[in-house]
Amino acid sequence: MASSPTLLHSTASSFCGQFPPHSVRLPCGDLRTTRPGGRLSVKATAATVLVEKTEAKQVNRLKGRYVEKIVPLLKEEFNYTNIHQVPKIEKIVVNCGIGDAAQNAKGLDAAMNDLALITGQRPVKTRAKNAIATFKIREGQPLGIAVTLRGNVMYAFLDRLINLGLPRTRDFQGVSPNSFDGHGNHSIGFRDQSVFPELSFDALGKPRGMDVCIATTANTDKEAQRLLALMGMPFREGSTGTATVVRKKKLKAHHFDSKAKQRARR
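Under my numbering, the sequence shown has 162 at position 169, and the numbering climbs by one with no breaks.
What the hints contain is simulated information worked out from the structure, not anything from laboratory work. These figures come from a predicted structure and were not determined experimentally. We treat Cβ as the ideally placed atom computed from N, Cα and C, and that holds for glycine. Watch out, some of these pointers could steer you wrong.
Here are the computed lysine to any residue pairs in the SDA-like style, where the Cα-Cα straight-line distance is at most 25 Å [as the list claims (entries may be wrong)]:
id	residue 1	residue 2
1	Lys56	Ile155
2	Lys81	Ile63
3	Lys62	Arg153
Simulated restraints, written as ranges between beta carbons of each label pair [to be verified]:
id	residue 1	residue 2	range
4	Gly225	Gly182	14 to 24 Å
5	Asp185	Leu136	15 to 25 Å
6	Pro200	Ile76	38 to 48 Å
Generate coordinates for the entire structure from the input sequences, incorporating the hints supplied.
Put into structure tokens, the structure is as follows:
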């Protein structure tokens, strides 16, 4: 069993620097030795370090910014007495409806591969709990795919979402601050997955959208919005309360028009 230094180095690089600082590189010669009992054993020498210490301790830049800069700012701004009260991102759930691809095995595999390329994690199938004859849905039939991200994979996806996915969206004018659910969770919808550079237009078949739900530990939407804004989320400015004012004006105009019509009939 012979292994080359290039192969070992490429294999080590795929782990994103998560090796321990004292990991070693295996020699290039024949590593097989036979014990008296006839079993094979592998020997490794500590002559060459596999990963540099700085690379082994490398942390995701978004996570590093949160720990070093965002946590002190939020603690001072909201007067938290304990550092564990500072809100953080708990998980990110990405789900995608497959539509007609549910009847096609190749389309389902293509959708799963696309979402795996975007998120860096293999998605799971979401199946129908009940049968609905009107929509030709059987119980247990796959209707969509979803993936739950945590840890370093979550921060890496959020970094690419903020700096690559959202700016490449057509006619993007900022994320709506009204998309919170009242419990500190924010949702973003994409009409097309091709905004992520991991997907090529040639490999992408039918355009598919997806939903991204960012779950935080914040108690209020204000704290969650401030957390995401400090992380770089481009929220739309001046949209808070505008929709409510326009709706009230339309209701008032409609109200007076209906009263005027009633008087004219009399």
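Hint check for Leu136 and Asp185 - Cβ pair distance inside 15 to 25 Å: Holds: the Cβ-Cβ distance is about 20 Å, inside 15 to 25 Å.
Hint consistency between Lys81 and Ile63 [alpha-carbon to alpha-carbon, up to 25 Å]: Distance of about 10 Å is within 25 Å: holds.
Proposed proximity, Ile155 with Lys56 (alpha carbon, max 25 Å): Answer holds: Lys56 to Ile155 is near 14 Å, not above 25 Å.
Cβ separation of Gly225 and Gly182, checked against the hinted range 14 to 24 Å: holds (19 Å)
25 Å Cα cutoff - pair Lys62, Arg153: Satisfied, since the Cα-Cα distance of roughly 20 Å is no more than 25 Å.
Distance restraint evaluation - Pro200, Ile76, Cβ atoms, bounds 38 to 48 Å: holds (44 Å)
No hint from the list above goes unmet by this structure.
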